[in-house]
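K.L.:
Each chain, letter by letter, is given below.
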Amino acid sequence: MSINRREFLKIAGASTLFGLTGTAAVEEILRTNADAAVLKGPNALNAKRWAMTIDVNKIRSEEEYRKITHACHSIHNVPDIGNKKDEIKWIWEEEYENSFPGLSDEFVPDHIKHKPFLLLCNHCAKPPCVRVCPTKATFKRPDGIVAMDYHRCIGCRFCMAACPFGARSFNWRDPRPFIKEENKEFPTRMKGVVEKCTFCSERLARGQKPACVEASNGALTFGDLEDPNSEVRHVLSTHYALRRKPDLGTGPSVYYVIGGGTEHA
Amino acid sequence: MLEKALTGSKRYWTWITFLLAFIVAGVLAYLHQFDYGLGVTGMSRDVSWGFYISQFTFLVGVAASAVMLVIPYYLHDYKKYGKIVILGEFLAIAAVTMCILFIFVDLGQPMRVMNVILHPTPNSILFWDATVLNGYLFINLIVGWTTLTADRKGTPPPQWVKPFIYLSIPWAVSIHTVTAFLYAGLPGRHFWLTAVMAARFLASAFASGPSLLILLCLIVRKVSKFDPGREAIQSLGKTVTYAMFANVFLLGLEFFTAFYSQIPGHMHAFQYLYAGIDGYSKLVPLMWTSTILAVFALIMLVNPNTRRKEGMLALACVSVFISLWIDKGFGLVVGGFVPNPFERITEYWPSLPESLVTLGIWSIGFLILTILYKIAIAVRERTASWPELH
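Top to bottom, those sequences are chains P and C.
Under our numbering, the first residue of the first sequence is numbered 1, with each subsequent residue one higher.
Under our numbering, the first residue of the second sequence is numbered 1001, with each subsequent residue one higher.
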């Protein structure tokens, strides 16, 4: 029965993505089940291993930060519950010393020390969250994205204990009343499941870059880490970049460009 | 044999009613949690496991401790344990049942629990933990029930049950090792990332389980005509002594590694638990209570003059049990989450509904234990005058 349902959803999802249909019924199904239905469209972006660079010097104002996090949270129906205990976040700001514990010292220049860093799921090459999940509800896709099936997650939160980056949030209560403006094209979640950044797999399937990248005015780049000609590889070959907690061996795919580039424009 | 649990003194029924009251309160609190979500607990994005998982961890140890009776009795033919080995096995059944319940109430989507079986995932330690826990429950049910039935009939236990008895020994070690692996294999949680975790779990298990068993033996002797035997209790007391020393030693090793190496990540959780960080010190009084009780218990236990007095031994056992409950049933799990991956501190304290659910499950455990012990005692009282069978 579940296979039939899933097959149906794939077809329904694909039809919507191709723009062949847009009936209210399909939208209603998509609203709650779209994650099972991310199927690539004809213009889909593909990669062997998706990665991101974040140039911390290119994001200058609080407003710019908010624009980026809002772009993500609004399209993904991330609720704003308003208290720290129940908080759900996919991308957010932390100071340098909290982003890179152990790398901080008192002589770090002020513009770095008090610079907010954008944090999100690192889509690790060897994700501990995937290793510990007892139901394969969180899994690694062939393109390197660490994805989730919200319908299979039993809410054991082993992945939250395993993630060294604090990237995962749990729905401690029904999130739906706290979604300001619901995006009908992306599923909402229910209480009792874990969620996190998806590297916008649903947008990649339509040929669009992640929402945060699009909203970043060039501060964030996105591309295939295994393609030497990709934008991220270009940035990484010309700038000095850090990853969070690389010593743990999880292989984070998000790079933070700290210094200026060697390149002259 | 179950019918033996249906007749009892007024005191017996008062105790059962008392437990049922807590169970009802626990069920009601759980229904509230089921409806609202796990937000009714004190857990948060930063401390994402709390009381439930800590109780589970602690009780796996209590369950595993049955092996401290099984090994001397079945492998070394230590006859003094003949009468009480069943008490250890039945304690294991009650404890494992509580473990399974504690995992269940901790799930955000409990209706999906069968996904663990529908989508078996051998790379997940939780998958193995579910497997070994259910296996251990099954083994102890078979062994406990068969040996007791045989006893009632006055015959030796059937030969086919022997392999299960021997299997229960490595299996008991496995349940606590696998439970330790839940924690000890996670990158970035320095407090848990230690090779001695499983060893420490076993040491604390073999101290807390047998100390509870001693207390239960003393209670059994008081409320029934069945005497577990002074010598058996004294031998268990020695087990508690050795295991508690081993546990404190292993904890000492953790302190050495953290503080001699001076690696901040390794020191943080200890600093938070025993001294507090930046004024966050909710667990400090508890951890020091645990420490003081441990020292007190060790003094009482290591001195033969106090250990041999049953009242003193009982006091030491209560101390050991509470000390280890705080250490493992609270500090170990919460400490692993503080500070969080951003080196910020979020504190945890169980909420009222969470405490009621927890009390409810403990009451279910004690109810199972009471019923099983009632049956075992009824059989033992009848056969007490018979000559030794094995």
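Hints in this document: simulated from the structure, not taken from any laboratory.
Ideal placement from N, C-alpha and C gives every residue a C-beta, glycine not left out.
Misleading hints may appear alongside valid ones.
As the list claims (entries may be wrong) - Cβ-to-Cβ under 10 Å is the rule here; a few derived chain C residues that face chain P:
| no. | residue |
| --- | --- |
| 1 | 1041 |
| 2 | 1043 |
| 3 | 1115 |
| 4 | 1265 |
| 5 | 1267 |
| 6 | 1280 |
| 7 | 1284 |
| 8 | 1285 |
What the hints assert, rightly or not - To be clear about the criterion: a stretch of chain C counts as covered by chain P if any three or more of its residues have a C-beta under 8 Å from a C-beta of chain P, and this derived list gives those stretches:
| no. | segment |
| --- | --- |
| 9 | 1015–1024 |
| 10 | 1029–1038 |
| 11 | 1044–1053 |
| 12 | 1062–1071 |
| 13 | 1139–1149 |
As the list claims (entries may be wrong) - Beyond 12 Å from chain C on every Cβ pair, some chain P residues (computed):
| no. | residue |
| --- | --- |
| 14 | 44 |
| 15 | 48 |
| 16 | 64 |
| 17 | 71 |
| 18 | 104 |
| 19 | 157 |
| 20 | 160 |
| 21 | 171 |
| 22 | 182 |
| 23 | 209 |
| 24 | 218 |
| 25 | 227 |
| 26 | 233 |
| 27 | 237 |
| 28 | 238 |
| 29 | 242 |
K.L.:
It remains to establish, for every hint, whether it holds in the given structure.
P.N.:
Consistency of the hints with the structure:
no., hint, result
1, 1041, "holds, 8 Å"
2, 1043, "holds, 7 Å"
3, 1115, "holds, 4 Å"
4, 1265, "holds, 7 Å"
5, 1267, "violated, 12 Å"
6, 1280, "violated, 14 Å"
7, 1284, "violated, 22 Å"
8, 1285, "violated, 23 Å"
9, 1015–1024, "violated (count 0)"
10, 1029–1038, "holds (count 3)"
11, 1044–1053, "holds (count 5)"
12, 1062–1071, "violated (count 0)"
13, 1139–1149, "violated (count 0)"
14, 44, "holds, 27 Å"
15, 48, "holds, 23 Å"
16, 64, "holds, 22 Å"
17, 71, "holds, 22 Å"
18, 104, "violated, 9 Å"
19, 157, "violated, 5 Å"
20, 160, "violated, 4 Å"
21, 171, "violated, 7 Å"
22, 182, "holds, 19 Å"
23, 209, "holds, 27 Å"
24, 218, "holds, 27 Å"
25, 227, "holds, 28 Å"
26, 233, "holds, 26 Å"
27, 237, "holds, 28 Å"
28, 238, "holds, 29 Å"
29, 242, "holds, 15 Å"
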